[in-house]
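Chemist: Sequence:
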Amino acid sequence: MSNGTYVDGSTNSDAWGFGLKAGYDFKLGDAGYVTPYGSISGLFQSGDDYQLSNDMKVDGQSYDSMRYELGVDAGYTFTYSEDQALTPYFKLAYVYDDSNNDNDVNGDSIDNGTEGSAVRVGLGTQFSFTKNFSAYTDANYLGGGDVDQDWSANVGVKYTW
Numbered sequence: 001m002s003n004g005t006y007v008d009g010s011t012n013s014d015a016w017g018f019g020l021k022a023g024y025d026f027k028l029g030d031a032g033y034v035t036p037y038g039s040i041s042g043l044f045q046s047g048d049d050y051q052l053s054n055d056m057k058v059d060g061q062s063y064d065s066m067r068y069e070l071g072v073d074a075g076y077t078f079t080y081s082e083d084q085a086l087t088p089y090f091k092l093a094y095v096y097d098d099s100n101n102d103n104d105v106n107g108d109s110i111d112n113g114t115e116g117s118a119v120r121v122g123l124g125t126q127f128s129f130t131k132n133f134s135a136y137t138d139a140n141y142l143g144g145g146d147v148d149q150d151w152s153a154n155v156g157v158k159y160t161w
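Note that the UniProt record's numbering numbers the sequence shown so that position 38 is 38, with each residue one more than the last.
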């Protein structure tokens, strides 16, 4: 495909997506919770055929993906004062992605879909400094089928009003 020399090209495509998640918080005593949920999301991207400066041809077919997820979040809140609390939590979900997509590069078909089932696992904690200001950290893993997303970590702050 390349002999090590510089090549260039350009392409563009349009995409749109959506997501919807619904669940219900079941309170366990004064501080615990379990939240079963379901979600659906979609990504739809148009294809674009293009040719690079070294005459490599790419038949960029459209990419469509629908992802379905059923899971549960669970946690427990340790209250330290009226506004301060620590909430460790756990997430577990079954994920199914139905994207079955491929592209043609110089006549060779390449499957770049992520169709199949996977499991999402996550651990995290949130600390509330005040009623409106908190910080969180979590780690997540998604794996199975054509998907293997190693552990990822998130850290952030949240302000609500």
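Just so you know, not all the hints are guaranteed correct.
As the list claims (entries may be wrong) - Cut-off 20 Å, straight-line C-alpha distance, at most; resulting in silico cross-link-like pairs (SDA-like, lysine to any residue):
id, residue 1, residue 2
1, 158, 134
2, 21, 89
3, 158, 143
Simulated from the structure, these hints should not be mistaken for laboratory data.
Because the structure is a prediction, the values reported are computed rather than measured.
Chemist: With reference to the structure, classify each hint as holding or not holding.
Modeler: The hints, checked one at a time:
1. A distance of roughly 5 Å separates the Cα atoms of residue 158 and residue 134; the hinted pair therefore holds under the 20 Å criterion.
2. Distance restraint check for residue 21 and residue 89: the Cα-Cα separation of roughly 18 Å lies within the 20 Å cut-off, and the hinted pair is therefore satisfied.
3. For the hint linking residue 158 to residue 143, the alpha-carbon distance of about 28 Å lies beyond 20 Å, and the restraint is violated.
Violated hint for the displayed structure: number 3, the only one.
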